[in-house]
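Using the sequences and the hints given, assemble the complete structure.
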Amino acid sequence: MNQRNKVRFWNGIRFKMTASLLMLLTFSGFLLYFLVTAMMNRNIQSQITSDLQKLQSNTEVYVRQLLMLNDQNNDEYSYVNSASEIAEELYNTSHNSLILFTTDGTFIIDYGFGEKHNGLSENIIDSDAFRTAGKGRAAYQLISDSGGIYDVWFSMPLVIAGKDLGIITYYLDYSGQYKQFDDIARTILQITLIILLLFSGFMLFLLSKIILPIQTLSKISTQVADDMNQNKLSTGNLIGKSLSGRQDELGQLSRNYRLMLRTIEKQFTKIQEDRNNILQLLNSKQEFYNNVTHELKTPLTTIKGYAQLLEADGLEDEELFHTALTHIQHESSRLHQMVIQLLEMSDKELHTQLVPFNISSTLNSVAASMSLKARRYENDILTETTSVLMILGHEERIRQLFINLIDNAIKYGQAKEPIIASASLWGEKAVIQISNKGSGIPLEELDSIFDPFYRVDKEQSREMGSAGLGLSICRKIVEEHHGEITAESKPDELTTFTVSFALYEEDHEYAKNI
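The C-terminal position of the sequence shown is numbered 514 in the working numbering, with every residue numbered one higher than the one before it.
Honestly, I wouldn't trust all of these hints.
Here are the in silico distance ranges between beta carbons for each label pair [claimed, not checked]:
id	residue 1	residue 2	range
1	Val-61	Asn-81	13 to 21 Å
2	Arg-186	Asp-128	26 to 34 Å
3	Ala-225	Thr-486	41 to 49 Å
4	Ala-161	Leu-193	53 to 61 Å
With a Cα cut of at most 30 Å, we get these calculated DSBU-like pairs of lysine-lysine [unchecked claim]:
id	residue 1	residue 2
5	Lys-179	Lys-135
6	Lys-135	Lys-54
7	Lys-163	Lys-54
8	Lys-476	Lys-373
9	Lys-135	Lys-209
10	Lys-219	Lys-270
11	Lys-476	Lys-490
12	Lys-437	Lys-373
I should point out that these hints are in silico values taken from the structure, not numbers from a laboratory. The beta carbon of each residue, even a glycine, is placed where N, CA and C say it ideally should be.
Pasting the structure below:
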């Protein structure tokens, strides 16, 4: 057991409850033992008192009768003269050894002691019981030794017809009663200890059954705390340890704890995801800022350079003047277009009201308006649309989406290859696809083409005046309308952009195929 487990053991609820229970049971057991022995001792003392009262009464009766039978007077003189006969009669009647004294404590005779009478009279005279008897009250004194011998010395004043005749001291042996008392007390102690041990064992077993689930939950909570300190949390194995099969309060606690752990795990996972998203967002914003800075710097550097050339030699060199002016106009237009696109991306939402409109008509309109530009690149735009596909949204934003997608298809498609724009009904969605045949997009770059300023062919894109914002704007427009946009491409084959929107709820009866 390591130091940490030792500390937990000594401070644990199991040790404290066990120690408290054992102390309580031990105290209760010994308290019961002492109460029973005290009660038995009182019973013995009551029995001794009762026996001695009877003995005193019988002694007075026998002495009176004996004096009467011997025609003796009820006085000390007659008592002393008949002492031998009185002692013998009292011994035969009570079977208890005795000593007769005068009223002033003078030894007269003893009877029934055999050889034990030597020195007894002196010891009795010095006893408290004898002195009490000399004052007219009967008293007894219990004398015991280590051998289990319990002697009772009972001293009583002998009063006949109101006259004090003397003092009689009886010797009574209560060893048998006290031995029986000791045997019963020892048996009670043994039974108490056995019951105490059995009850302690049962209580320890019951206590272990009660505390085990608490210890299990404590270990689980400790493991959860350690995992959370290490920025990880997996409750799958931990939850299985919970004793959720119990039907008592501990079972309910275990089930509630399992539910709490699952909730904590979900929240912990969500917090980690949110943290990762925040870090990714911060990195994306920094990357976006760097790209904006770089893209703005390029046309500004070009404009500044040609402006300096014009200032220096522009008036003397007519060719340089026209070349510089052309580049300045081109870069200014590109810079203006980039600023407009950035402003479009910064708009969080349009405040115009959402209205239902036919997305097929919008696609046909955009395809017709851009057909002239397509012919300049020796391309044609072919449309394949369902006559009516109603969605709810901003038609101008959707128009801008189609313009950007078709414009990309024109710029990056091969000459004399048709561009196909289709709008069809797929289940409960309106699906638009823009396809063209060109060099294609590598598979590993398909997930990145919607990022701001991302370009597959950077040199060709710059020559065409692209800043890499068109597809980012497309994705933003689609997200505004709670739609989805994806891209599929194979090198030197078709590249297809697919956009899907939920149909307007009353649109099902309008959808018709051409």
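Results for each hint:
no.	hint	in the structure
1	Val-61 - Asn-81: 13 to 21 Å	holds, 20 Å
2	Arg-186 - Asp-128: 26 to 34 Å	holds, 31 Å
3	Ala-225 - Thr-486: 41 to 49 Å	holds, 44 Å
4	Ala-161 - Leu-193: 53 to 61 Å	holds, 58 Å
5	Lys-179 - Lys-135	violated, 33 Å
6	Lys-135 - Lys-54	holds, 20 Å
7	Lys-163 - Lys-54	holds, 20 Å
8	Lys-476 - Lys-373	holds, 25 Å
9	Lys-135 - Lys-209	violated, 69 Å
10	Lys-219 - Lys-270	holds, 25 Å
11	Lys-476 - Lys-490	holds, 25 Å
12	Lys-437 - Lys-373	holds, 17 Å
Checked against the numbered hints above, the structure violates hints 5, 9; every other hint is satisfied.
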